[in-house]
Amino acid sequence: MIIDFIQGASEFLGTVAFVLVIMELSFLAEEFFKTRFEIRRGFSGTGTSILEILKRHLLKILRIEGIWKDHVAFGLRAVPFFIAVGLLPIWSYRPGIENAYSFWIFGGIMVSTPLLSMICQWSSNKGAGWPFNLISAERALGGATALFILQITLVALTGEDTFEGFSHIQQHAWLIVQAPLSILLLIGFVTVAFFASFQTVFSKSHRFDKKDGWGFDDFFPSLNRVVWIIFVANIFLGGAPDFFGVGGFVLILKCVIVNVVAGIFSQIYFSFREDQAENFILWSLTPATIGTLIFSLILPGHRT
Amino acid sequence: MAYIGGFVFTCLVSTIATVWTIAYLQKESRIRPLSRVRWQPPSIKSRAVISFSIILPFSAFSFLFLTFVSMKLAQNLNLEGHGVYVVTGLMIPTFCFSLGFFYFRKMVRP
Chain A
1 MIIDFIQGAS
11 EFLGTVAFVL
21 VIMELSFLAE
31 EFFKTRFEIR
41 RGFSGTGTSI
51 LEILKRHLLK
61 ILRIEGIWKD
71 HVAFGLRAVP
81 FFIAVGLLPI
91 WSYRPGIENA
101 YSFWIFGGIM
111 VSTPLLSMIC
121 QWSSNKGAGW
131 PFNLISAERA
141 LGGATALFIL
151 QITLVALTGE
161 DTFEGFSHIQ
171 QHAWLIVQAP
181 LSILLLIGFV
191 TVAFFASFQT
201 VFSKSHRFDK
211 KDGWGFDDFF
221 PSLNRVVWII
231 FVANIFLGGA
241 PDFFGVGGFV
251 LILKCVIVNV
261 VAGIFSQIYF
271 SFREDQAENF
281 ILWSLTPATI
291 GTLIFSLILP
301 GHRT
Chain B
1001 MAYIGGFVFT
1011 CLVSTIATVW
1021 TIAYLQKESR
1031 IRPLSRVRWQ
1041 PPSIKSRAVI
1051 SFSIILPFSA
1061 FSFLFLTFVS
1071 MKLAQNLNLE
1081 GHGVYVVTGL
1091 MIPTFCFSLG
1101 FFYFRKMVRP
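Chains as they are written, first to last, in my numbering: chain A, 1 to 304; chain B, 1001 to 1110.
Only chain A is shown next, with the shape it has when bound in the complex:
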């Protein structure tokens, strides 16, 4: 029992290292390219090297404020996200937390965590709460319809509903190669991820209605987005390949590339207002996903 407990603890440390590496590398690359892009438009370019950006991030982390209650709330909010990552196979072919319903649990965690967080804050503050938490909960629920349909479509397309199963079917080729129809689902999942973490594509990202000062609440949108990107890389891009024992590092590279490319692409080409974003998710993405679901069921043998 103690050995199991220690194994669980070490699995968490591996998971958190994996997430933080992807997050920081994505931040670095995204900020680096964004500042380069700004230089072309006449920005002076001070502090645009990778080292300068890294230094700035470290300083930002060291400026965290808050009271004891905030820190405990942060810890409680972080647990479901790390459990969600633990369900995914990251460092190797096998997931850290094995479960026969892992795919559904993952979706449930990602939808319900912001909602539970808001309810907890609402009850602990006697009916009050920061708009930041309310928006997070609303967005998680607003994207849930599309998310459920995307999940069902993926299961219909592949016949798998565990992350271990998804790894197994991608041993020789990525899912987007085996089933080109899944590219639509990939775009759908990335859009839902961006919507749920209210970043880039959706214009709310630059004005969080929250308390003053820099705290770990600012960390959650990025954490949410990274968890979704790890999910996407696992499901559609082959996950961690069995490649001379460095499959985990290959997966990190995939996640960073997808995260940065999707972030920059969406920032350059799209900027939806809050109401446009909800319209897009509910009235465009959802019918498109239902269409994909019907196609994937009508055409059996779609996966080669």
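By construction, these hints were calculated from the structure, which means they are not laboratory data.
Each hint should be verified, as a subset may be incorrect.
Unchecked claim - Here are the simulated distance ranges between beta carbons:
#1 A:Ile50 x B:Phe1009: 30 to 38 Å
#2 A:Gly159 x B:Arg1032: 51 to 59 Å
#3 A:Ile67 x B:Val1013: 12 to 20 Å
#4 B:Met1001 x A:Ile257: 34 to 42 Å
#5 A:His168 x B:Leu1025: 42 to 50 Å
#6 B:Leu1025 x A:Ser284: 45 to 53 Å
#7 A:Phe32 x B:Met1001: 38 to 46 Å
#8 A:Ser123 x B:Arg1030: 36 to 44 Å
#9 B:Val1013 x A:Pro287: 41 to 49 Å
#10 A:Ile264 x B:Arg1030: 31 to 39 Å
#11 B:Arg1030 x A:Ile50: 26 to 34 Å
#12 B:Val1013 x A:Ala288: 42 to 50 Å
For every residue, glycine included, the Cβ atom is placed at its ideal position computed from N, Cα and C.
Position chain B relative to chain A; hints supplied.
Chain B in isolation, oriented as in the chain A frame:
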């Protein structure tokens, strides 16, 4: 169970300890901010949006899940050549769902 317990316990302890340590260091350092007024969060008055948001995704989920089970069976029948049965089996739920969906859209879309 002990495995997940270890995972969750370590997550809680390490995140709280890390955040507390950094915040403590910041509080004691020279770069700490000037003392500021701690604003209380505003009250949340509307529960309608939340309840509406819960009803819509979960009703869609239950509908599609129930439909999906029969569709999965129909897919096997399609392989066996019962094409007409499959098309009918797919058309009826799709038609019903589309009817409800477009009516709903007409009613609530700004």
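- Leu1025 (chain B) and Ser284 (chain A), beta-carbon distance inside 45 to 53 Å? About 47 Å separates the Cβ atoms of Leu1025 (chain B) and Ser284 (chain A), which means 45 to 53 Å holds.
- Message: Given the hint of 31 to 39 Å, is the C-beta distance from Ile264 (chain A) to Arg1030 (chain B) inside that range or not?
- Response: Hint holds: Cβ distance 36 Å, inside 31 to 39 Å.
- Given the range 51 to 59 Å, decide if the beta-carbon distance of Gly159 (chain A) to Arg1032 (chain B) lies inside it. 56 Å, holds
- Item | Range agreement (Cβ of Arg1030 (chain B) with Cβ of Ser123 (chain A), hint 36 to 44 Å) | Since Ser123 (chain A) and Arg1030 (chain B) have Cβ atoms about 38 Å apart, the given range 36 to 44 Å holds.
- Message: I want to verify a distance hint. Is the separation of the beta carbons of His168 (chain A) and Leu1025 (chain B) within 42 to 50 Å?
- Response: About 46 Å separates the Cβ atoms of His168 (chain A) and Leu1025 (chain B), which means 42 to 50 Å holds.
- Message: Quick check on a hinted range of 38 to 46 Å for Phe32 (chain A) and Met1001 (chain B), using CB atoms only.
- Response: With a Cβ separation near 44 Å, Phe32 (chain A) and Met1001 (chain B) satisfy 38 to 46 Å, so the hint holds.
- Can you let me know if the beta-carbon spacing of Met1001 (chain B) and Ile257 (chain A) is within 34 to 42 Å? 37 Å, holds
- Query: Would you say the C-beta atoms of Val1013 (chain B) and Pro287 (chain A) sit inside 41 to 49 Å of each other?
  - Reply: 46 Å, holds
- Are Val1013 (chain B) and Ala288 (chain A) spaced within 42 to 50 Å by their CB atoms? 44 Å, holds
- Cβ-Cβ distance between Arg1030 (chain B) and Ile50 (chain A): within 26 to 34 Å? 27 Å, holds
- Assessment of proposed distance window 12 to 20 Å (beta carbons of Ile67 (chain A), Val1013 (chain B)): 18 Å, holds
- Query: Can the suggested window of 30 to 38 Å be confirmed for the beta-carbon pair Ile50 (chain A) and Phe1009 (chain B)?
  - Reply: 36 Å, holds
The earlier numbered hints are all upheld by this structure, with none contradicted.
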